[in-house]
Amino acid sequence: MLILECPCCGVMADETELAPGGEAHLKRYGPGSSDEEFEGYLFHRMNPKGVHFERWRHANGCGKWFLAARDTNTLEVFATYSAQTPEPPQHVLDAIRAKRPDWSLDQ
Amino acid sequence: MRRYSAFAIAREAARYHQGWERAWASPEPKKSYDAIIVGAGGHGLATAFYLGKNFGITNVAVIEKGWLGGGNTGRNTTIIRSNYLQDPSAAIYEKARSLYETMSQDLNYNVMFSPRGVIMLAQTHHEVRGYLRTAHANALQGVKTEFISPQRVKEIVPIINLDGPRYPVLGGLWQARGGTARHDAVAWGYARACSDMGMDILQKTEVTGIRKENGAVTGVETSRGFIGTKKLGIVVAGHSGVLADMAGFRLPIESVALQALVSEPIKPCMDCVVMANTVHGYMSQSDKGEMVIGGGADGYNNYTQRGSFHHIEETVRALVETFPMVSRLKMLRQWGGIVDMTGDRSPILSKTPVDGVFINCGWGTGGFKAIPGSGWGMAELMARGYSPLTAEFGLNRFKEGRFIDESVAAGVAH
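Chains A and B are the protein sequences, given in the same order. This note's numbering puts the first residue of the first sequence at 32, with every later residue one more than the last. This note's numbering puts the first residue of the second sequence at 98, with every later residue one more than the last.
Because the hints were derived from the structure by calculation, they are not lab data. Do not rely on the hints blindly, as some may be mistaken.
[Unchecked claim] What follows is a list of derived Cβ distance ranges for each label pair:
1. A:118 / B:249: 28 to 36 angstroms
2. A:47 / B:223: 23 to 31 angstroms
3. A:137 / B:205: 50 to 58 angstroms
4. A:95 / B:305: 36 to 44 angstroms
5. B:365 / A:94: 43 to 51 angstroms
6. A:137 / B:305: 14 to 22 angstroms
7. A:94 / B:131: 51 to 59 angstroms
8. A:95 / B:225: 34 to 42 angstroms
9. B:236 / A:118: 29 to 37 angstroms
10. A:129 / B:502: 40 to 48 angstroms
Note that the coordinates shown come from a computational prediction; the quantities given were computed from them, not determined experimentally. Glycine included, each C-beta is placed from N, C-alpha and C at the ideal position.
With these hints in hand, go ahead and build the complete structure from the sequences.
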């Protein structure tokens, strides 16, 4: 069972307490954007086999949104962190690189 | 290729079964092919088969990372139906269902197609209205379905509980010519027929890169060296995103785990397929007597072919409500597969931004039923550049907003 530590309330939450919210750090496009940008924002996903940043909500707990860095190939969790971050913070990148030395953010 | 027949069984019985040939060859890869299909699952092999049968293109390789039919083709719950709401879906799924009817004869391989009938239960008033609408749409599309009463449901499935604790059965969408088939045999039958046409099926050969020149494909890097081609079909389900990344484009796809399980074998008790989409579970009985059970997919990205335990619990709970007699059954096996979910939950059969690269993916939780139709359409798309079966399933539909809005309409078990 997937267990994530909610960074808002500090609870180690089972996945039955959590609601998945899809890929994190999507750049929003709205009125005035090109068709390609809007299509990318709505539909295109990284879907990596490896390190993945994603949104979660502690639905049956404190109710807050947060973000997680996880490996989709090993189900390893690197870190969870605040949803109020436009890109992964340094300590999360460090936690990933400690276990995946070859990994880079633009993959 | 020696044909399989009653006579062949008698002949081999008379000589201690020494004369059976290998069903397909395991050749060394050639330097180049007219067309390469990545993925030797049902959809990939069907594409290769119809490239040869309908268009005479037989200089084809089917490249497979693992073993033939070892992905979702061998992991699904073998249900075949075509009772979809939207015209493009009904067209391709009904084409597939009709090809299943004669597949054993066409391939000279017993795929055990069993048109035992499929019921999709309506358990809320919304579902009743939705399925009535689907039944009317199916009448216009020439797909034979009917909306049946709870009493008729009980006649067809005596073990069902019409007055469940949460959702009573209010009716059902019945497709009498839907059913099941032996999933492995579908892959094996196509592989044998492809090999017989002179195609190379390269198992344990992993594609590691896609080579391009001036925006057009020139071949694939594999674990057994470079293989050239001008036409590449990517038919890899859960790993579509990985292959698309190699080719240099992105897909509106996310890969998630979907699980299934089977019970211990019991005596025949249910001779059709029942899907209960409101409570999220579906069940049929295999020829061995096992109850074959499926449910919902996980909600987050996953490439491990393992799913979450609580989904098994939810699925089993739904089935115990619907069929109280299964409450004491022991479960024998449970497994997962990686399914590729698109934004509108309909498949993608399309050209791509790279010239000569075609993609067939996004079948999500319901690809097995579509294998022959998908292969038929994909082969036409690769050979001619256009197929009426696949025209509405292009990648451009996401940019243009022409979604095939099937996930809410058909109550597919997502």
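Outcome of the hint check:
1. Our hint of 28 to 36 angstroms for residue 118 of chain A and residue 249 of chain B is violated, since their Cβ atoms are close to 58 angstroms apart.
2. Against the hinted window of 23 to 31 angstroms, the Cβ-Cβ separation of residue 47 of chain A and residue 223 of chain B comes to about 26 angstroms, which satisfies the hint.
3. Under the hint 50 to 58 angstroms, the C-beta atoms of residue 137 of chain A and residue 205 of chain B, about 51 angstroms apart, fit the expected range.
4. Evaluation of the 36 to 44 angstroms hint for residue 95 of chain A and residue 305 of chain B yields a pass: the beta carbon distance comes to about 42 angstroms.
5. Take residue 365 of chain B and residue 94 of chain A: their Cβ atoms lie about 49 angstroms apart, and the range 43 to 51 angstroms holds.
6. One distance hint, 14 to 22 angstroms for the beta-carbon pair residue 137 of chain A and residue 305 of chain B, holds here, with the actual separation near 20 angstroms.
7. Remark: the range hint 51 to 59 angstroms for residue 94 of chain A to residue 131 of chain B is upheld by a beta-carbon distance near 57 angstroms.
8. Between residue 95 of chain A and residue 225 of chain B the C-beta distance comes to about 39 angstroms, which sits within the given range of 34 to 42 angstroms.
9. Restraint check, residue 236 of chain B to residue 118 of chain A: a C-beta distance of roughly 53 angstroms breaks the suggested window 29 to 37 angstroms.
10. In this structure, residue 129 of chain A and residue 502 of chain B meet the distance hint of 40 to 48 angstroms, their C-beta atoms being roughly 44 angstroms apart.
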